[in-house]
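Protein chains: 2
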Amino acid sequence: MEFFKLSSVVRENIKRLKPYEAKEIPCKIKLDANELPFSINIFDIVKDIKISLNRYPDPEAKTLRKTIAKKLKINYEKIVIGNGSDELIYYLIITFGQPVLYPTPTFAMYGVISDVLDIKKIECPLDENFDLDIERMEKLIINQKPHLIFLSSPNNPTGNTFSNEKILKIINLAKNNSCLVVVDEAYQPFCSKKGFLSFIKDYKNLVILRTLSKIGLAGLRVGYLIADEEIVKEINKVRLPYNVDSLSQYIAEKTLNSFYPKIQNYIKEIKKERSRLLKELSKIDKIKVYPSEANFILFKVKDADKISSQLIKRGIVLRNLSLIIEDALRVTVGTRQENDEFLKALREILKV
Amino acid sequence: MEFFKLSSVVRENIKRLKPYEAKEIPCKIKLDANELPFSINIFDIVKDIKISLNRYPDPEAKTLRKTIAKKLKINYEKIVIGNGSDELIYYLIITFGQPVLYPTPTFAMYGVISDVLDIKKIECPLDENFDLDIERMEKLIINQKPHLIFLSSPNNPTGNTFSNEKILKIINLAKNNSCLVVVDEAYQPFCSKKGFLSFIKDYKNLVILRTLSKIGLAGLRVGYLIADEEIVKEINKVRLPYNVDSLSQYIAEKTLNSFYPKIQNYIKEIKKERSRLLKELSKIDKIKVYPSEANFILFKVKDADKISSQLIKRGIVLRNLSLIIEDALRVTVGTRQENDEFLKALREILKV
Numbered sequence: 001m002e003f004f005k006l007s008s009v010v011r012e013n014i015k016r017l018k019p020y021e022a023k024e025i026p027c028k029i030k031l032d033a034n035e036l037p038f039s040i041n042i043f044d045i046v047k048d049i050k051i052s053l054n055r056y057p058d059p060e061a062k063t064l065r066k067t068i069a070k071k072l073k074i075n076y077e078k079i080v081i082g083n084g085s086d087e088l089i090y091y092l093i094i095t096f097g098q099p100v101l102y103p104t105p106t107f108a109m110y111g112v113i114s115d116v117l118d119i120k121k122i123e124c125p126l127d128e129n130f131d132l133d134i135e136r137m138e139k140l141i142i143n144q145k146p147h148l149i150f151l152s153s154p155n156n157p158t159g160n161t162f163s164n165e166k167i168l169k170i171i172n173l174a175k176n177n178s179c180l181v182v183v184d185e186a187y188q189p190f191c192s193k194k195g196f197l198s199f200i201k202d203y204k205n206l207v208i209l210r211t212l213s214k215i216g217l218a219g220l221r222v223g224y225l226i227a228d229e230e231i232v233k234e235i236n237k238v239r240l241p242y243n244v245d246s247l248s249q250y251i252a253e254k255t256l257n258s259f260y261p262k263i264q265n266y267i268k269e270i271k272k273e274r275s276r277l278l279k280e281l282s283k284i285d286k287i288k289v290y291p292s293e294a295n296f297i298l299f300k301v302k303d304a305d306k307i308s309s310q311l312i313k314r315g316i317v318l319r320n321l322s323l324i325i326e327d328a329l330r331v332t333v334g335t336r337q338e339n340d341e342f343l344k345a346l347r348e349i350l351k352v
Numbered sequence: 001m002e003f004f005k006l007s008s009v010v011r012e013n014i015k016r017l018k019p020y021e022a023k024e025i026p027c028k029i030k031l032d033a034n035e036l037p038f039s040i041n042i043f044d045i046v047k048d049i050k051i052s053l054n055r056y057p058d059p060e061a062k063t064l065r066k067t068i069a070k071k072l073k074i075n076y077e078k079i080v081i082g083n084g085s086d087e088l089i090y091y092l093i094i095t096f097g098q099p100v101l102y103p104t105p106t107f108a109m110y111g112v113i114s115d116v117l118d119i120k121k122i123e124c125p126l127d128e129n130f131d132l133d134i135e136r137m138e139k140l141i142i143n144q145k146p147h148l149i150f151l152s153s154p155n156n157p158t159g160n161t162f163s164n165e166k167i168l169k170i171i172n173l174a175k176n177n178s179c180l181v182v183v184d185e186a187y188q189p190f191c192s193k194k195g196f197l198s199f200i201k202d203y204k205n206l207v208i209l210r211t212l213s214k215i216g217l218a219g220l221r222v223g224y225l226i227a228d229e230e231i232v233k234e235i236n237k238v239r240l241p242y243n244v245d246s247l248s249q250y251i252a253e254k255t256l257n258s259f260y261p262k263i264q265n266y267i268k269e270i271k272k273e274r275s276r277l278l279k280e281l282s283k284i285d286k287i288k289v290y291p292s293e294a295n296f297i298l299f300k301v302k303d304a305d306k307i308s309s310q311l312i313k314r315g316i317v318l319r320n321l322s323l324i325i326e327d328a329l330r331v332t333v334g335t336r337q338e339n340d341e342f343l344k345a346l347r348e349i350l351k352v
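First to last, the sequence lines map onto chains A and B.
Here the first sequence is numbered in the numbering used here, starting from 1 and rising by one per residue.
Here the second sequence is numbered in the numbering used here, starting from 1 and rising by one per residue.
Bear in mind the hints are in silico, worked out from the structure with no lab data behind them.
Among the hints, a few may not be true.
One copy or two, it doesn't matter: identical chains are merged, so the pair holds either way.
[What the hints assert, rightly or not] DSS-like, lysine-lysine: derived pairs with alpha carbons at most 27 Å apart:
1) K313 - K344
2) K233 - K120
3) K145 - K313
4) K5 - K169
Only a predicted model underlies this, so the values are computations on that prediction, with no experimental measurement involved.
Produce the complete structure using the sequences and hints provided.
This is how it looks when you write it as structure tokens:
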């Protein structure tokens with residue numbers, strides 16, 4: 001009798017992938033995941049929860065979509081809700097994925113999901129200021145014919161936005177080359193510039209991604225996508241009918257309807273702290289700080305690995321990016337006290 | 001300037017698919033979705049909810065997996081949690097999907113997701129008693145070399161289980177033909193026979209799917225998969241890191257730890273009502289009833305379409321299967337009162 005070998009069943013592209021490793025580092029101050037640092041409990045948002053858990057969720061998430069639509073002043077049929085925007089990236093690549101193009105470094109999931117789905121990915125390095133290399137992008141669009149371009153702006157993990165002019169240039173060129181452009185605005189709430197929402201009506205090849213994860217609801221897993229109804233219709237063909245559970249739909253809607261002023265205060269606080277943190281980090285000679293329009297700051301420092309470990313020993317976890325960007329660490333903007341503790345620890349470690 | 005045509009960006013296999021249409025029919029008595037009919041509120045399960053929604057969920061869902069593992073007396077590393085078992089079916093097909101084989105009629109998602117992912121599907125009709133056509137299945141395994149077989153047992157929408165002997169025959173043949181067998185036990189809690197859990201240790205090509213959706217938590221979206229650690233490792237490569245939100249993880253765990261006796265009573269009640277409903281339906285000459293080991297009953301009746309519409313007019317919604325199985329309707333076992341109202345309405349419509 002033959003012996004069963006799992007490797008003969010696993011798809012070739014999956015076999016090549018490394019297993020995902022979740023490294024949850026126990027810590028006092030968690031500044032690695034771009035979460036909002038202010039604790040939000042469910043009862044800060046709602047007084048009561050009247051949901052029959054025995055019933056399936058609304059497969060169309062109508063109440064939540066209409067709530068978002070009203071806030072954004074658009075038709076709710078332009079919206080798809082996802083189990084985090086991660087899931088929407090999955091659906092976008094399944095629906096449209098032929099070569100996928102994105103600048104690097106950027107959010108890891110565009111590449112990870114392309115690999116999982118065995119879709120060719122084209123990476124176009126950002127320039128030395130982490131800005132778009134527009135000429136190279138243009139050449140790649142024309143020669144490689146991607147169907148999907150991801151632009152994270154503000155970009156994770158670099159923190160900068162790309163100029164409207166450059167993004168529009170790409171959208172226009174993409175339009176004439178049968179290509180969709182996904183502007184991932186996960187960090188838009190922290191940005192001083194307006195996002196791309198107003199361009200949705202003019203560009204049938206534009207998709208915008210947003211999420212509630214960075215503004216206080218990471219635990220809920222609610223992302224959303226805004227695009228022309230025709231695009232929404234195609235994505236809905238691949239979307240699992242019950243992809244967002246009843247509680248997440250409910251809490252997200254209540255947050256937008258009655259807890260949003262509080263969220264806006266939190267965002268204001270983070271922007272203030274970001275300025276302060278940027279200023280304080282700039283004072284440290286041994287560090288090169290990059291400007292940020294997001295809720296995190298990227299900086300370069302010699303021996304980033306070692307410094308990251310020493311911060312961990314003191315209970316402070318940053319995101320160590322040194323494998324992706326030489327010498328780089330990314331710190332999420334925390335509460336005033338967390339930021340002070342981080343700065344103090346960093347100064348001690350650097351002996352400045 | 002060229003005009004942007006979405007159809008030139010959509011993948012060919014997606015273009016061919018019909019858009020998903022959620023038809024939520026407003027009704028008094030909802031017997032179409034195989035939900036538990038007893039209303040379960042979140043505060044029936046927990047007194048308080050202490051979760052910081054601003055933090056990402058545990059990407060490994062360790063507490064929930066360990067809770068399930070303890071109940072099932074297996075290693076928690078044999079478990080993957082999904083956003084409903086729908087998501088796990090997605091992941092299984094992404095990871096292993098080459099031809100996917102399943103008997104029909106069965107749960108629609110095996111075919112729907114295969115189409116979405118452009119994976120060849122092989123359908124093997126059940127015999128006239130809705131039992132496995134084992135000879136034909138064997139031939140298909142040998143000739144078509146599927147990598148993945150789905151067996152829903154108890155089978156949705158027919159309600160019957162397949163014999164252990166037949167399922168084991170398929171698992172053994174699959175084992176020698178580089179093929180995984182997924183036994184989908186969504187309805188196992190309502191079944192009088194034992195499930196396939198005890199075979200996991202002997203068969204490295206066996207995967208079991210379970211869900212909390214049919215036993216009172218459809219709104220939460222929590223399904224789980226049990227398989228050898230090696231299989232789990234491959235699936236985790238394609239799983240989104242934060243696929244199950246914090247609240248769902250928390251409520252599911254609390255349900256299993258402290259609300260389960262109540263769930264078991266509900267299951268007992270449904271099984272009692274199923275017997276009664278089967279008996280009552282059998283008394284109606286104009287109806288052919290099929291035995292059921294699930295929380296629903298399949299029956300055939302002339303003019304099923306018309307009868308379904310007439311029931312809807314009276315506020316009672318069943319699942320109309322007549323496009324899949326001639327003359328067939330599927331009724332979820334409801335509360336005693338709901339079942340009585342359904343029987344009364346049906347008798348009136350049939351004039352018996």
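These are the hints, each one checked on the structure:
1. K313 - K344: within (14 Å within a copy, 70 Å between copies)
2. K233 - K120: Both: 24 Å inside a chain and 24 Å across chains, each within 27 Å.
3. K145 - K313: Answer is neither: 48 Å inside a copy and 53 Å across each miss the 27 Å cutoff.
4. K5 - K169: Close across copies (18 Å), not inside one copy (50 Å); limit 27 Å.
Violated hints amount to a single one, hint 3; each of the other numbered hints is respected by the structure.
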